[in-house]
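Chemist: If you read the sequences in order, they're chains C and L.
Using this note's numbering, the first residue of the first sequence is number 1, and each one after it goes up by one.
Using this note's numbering, the first residue of the second sequence is number 1, and each one after it goes up by one.
No lab work stands behind these hints: they were computed from the structure.
Given the structure is predicted, the values throughout are model-derived calculations rather than measurements.
Idealized CB from N, CA, C, for every residue including glycine.
One should not assume that every hint holds.
[Unchecked claim] Pair ranges (Cβ atoms, derived):
1. C:Leu-239 - L:Val-83: 32 to 40 Å
2. L:Leu-81 - C:Asn-88: 25 to 33 Å
3. C:Thr-110 - L:Pro-110: 51 to 59 Å
[Claimed, not checked] With the Cβ distance kept under 7 Å, some of the chain C side facing chain L (calculated, not the full set):
4. Glu-75
5. Arg-84
6. Arg-104
7. Leu-105
8. Arg-116
9. Asp-192
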Amino acid sequence: MIDIQRLHKTFSAGNANAVVALHDVSLHIPRGEFVVLLGANGSGKSTLLNCIAGTVTADSGNILLDGQDVTRLPEFKRSRWVSRIFQNPSSGTSPDLTLLENYRLAALRTRHFGLRIGTTAEFRRTVQEHVASLGLQLEDKLDQKMGTFSGGQRQALSLLMAVADQAKVILLDEPTAALDPRTANLVMELADKLIRQHELTAILITHQLKDALRYGDRILLLSDGKIGRDLRGEERKSLHINDLLHWFEV
Amino acid sequence: MNFYLTALLLGLAYGLLAYGIYISMRIFNIPDITTDGSFTLGGAVTAVLTLHAMNPGLILPVVFLTGAAAGIATGWIHTRLHVNALLAGILVTTGLYSINLAVMERSNLPLINTPSIFSLATFSQEEKLNQLIVLSAITFGILMLLRFLLRTDFGLAMRATGNNETMIRALGINTGRMKIIGLGLANGLTALSGYLITYVQGYADINMGIGIVILGLGAVMIGEMISGILRLNHVGGQLLCVVLGSLLFRLILGFTLSIGIDPIYLKLVVAVFVLITVSLPQLKRAA
């Protein structure tokens, strides 16, 4: 589903402050795999994710989504494959639009934004059902502005919105970093459930080592712009939190 | 009576300017100064085409399109050449001054005994009353069109572009293109306001747009105060309040003049009034 071939990215190239964020990274992620991306600050995790999303353009190398080369495609054209969950809960939703209107926009991610009113009674019923499935008692608040909800509520709604249209790839950049521990757990459980239910190919960046062990099929460790460790299957299952802590110490 | 009627007429005619500002500054969050030039452009095109005996009804779409072209130019300079929005608007407005002068061929074009949008439809023999009816109908029509547009899927994407660009780009919207369209729409409406004003006052003048952006902004902010007080959250209510804001602003300015303040100080009064409106929340907090 995601093919990354010899991706290279240097920030402020040719300058004394040049930083090599990605160094010849190659990676294949098959359809439906849930990858957890670990690494210290500055190791290149976010750059890798941003290259896939299209907010950062790589210097060289290629990115293929579903067999199609998207390396040169602008961010907004990649929404056909990619949906994203941001670290900051307010990044994923539009605060002055209502819940229903936000949901409508998300439901059109792979489609055309036309001159018709899409927030119909029928659409409202569908949203109501989906929102009710969260169990957060938000189903009667569809006309409330998104900005009035808490960070946790917004993050949960962002997740729901990410699968409102046929999604293939979901990129989660520290989705729970701004949440309290209890809400963080709820949001991670929801993310895991939706990823499995919709058979999404997922990449999760997290600094929560417990989450890295609890969720996902594969763990990648980036260090200094290279893939330091890549564990899946039995190796991945036998990992202990002390192993992960040890990785960060060296 | 006549005095308030004139204020109402101007308030309605400037209402479309307020819609232009509402779209660029409130929906798209772009400080757009193209307004000064596109307003005059609307007036200039109206006067010249009227003097060339073109039907005022046909002039209306032409004016909208020329104003839209000015906005598209600003949008293009801002999003494609990555020039600061404020500077892009100033550049286009500066250029438009020459273009407007070239269109008009002189600095003032009076319209005497020519047809106007008001001579197309006669609802009342009383001239000003007829103007009021025609202006109300046009304003209402545009309000309904905008209300529809902003509730469509495209309109939601427009509103989200100004509200959360990160999100809407991730949802597959070309935000650069969206801003160009938005500024085109805003300046098309502004030019239409120039069209109406030209017919209301009976002439176009090369300086009619100077500082006009502040009139629109003042109207929008009074409108927001009204919608805040009335707790009108939906799009239609907010659009209605913008026109009400424009009307109220005109009445306040008219009243200021009527109590004997020298017209020389009109722009100063406007500036101070808008300043008070902007800083009201801050002053309340301090108190």
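Chemist: Each of the hints needs a verdict: does it hold here or not?
Modeler: Structure-based check of each hint:
Between Leu-239 of chain C and Val-83 of chain L the Cβ separation comes to about 52 Å, which falls outside the hinted range of 32 to 40 Å. For Leu-81 of chain L paired with Asn-88 of chain C, a C-beta distance near 30 Å keeps the hint of 25 to 33 Å intact. At about 56 Å, the CB distance of Thr-110 of chain C to Pro-110 of chain L agrees with the hint of 51 to 59 Å. Nearest Cβ of chain L to the Cβ of Glu-75 of chain C: about 5 Å, under the 7 Å cut. The hint holds.
Interface restraint check: Arg-84 of chain C against chain L, minimum CB-CB distance 5 Å, threshold 7 Å, status holds. The closest approach between the C-beta of Arg-104 of chain C and any C-beta of chain L is roughly 6 Å, which is under the 7 Å cut-off, so the hint is satisfied. A cut of 7 Å between beta carbons decides the hint on Leu-105 of chain C: the least distance to chain L is about 6 Å, and the hint holds. About 6 Å separates the beta-carbon of Arg-116 of chain C from the nearest beta-carbon of chain L, less than 7 Å, and the hint is met.
Because the closest C-beta pair between Asp-192 of chain C and chain L is about 21 Å apart, greater than 7 Å, the hint is violated.
Hints 1, 9, counting from the list given before, are not met by this structure.
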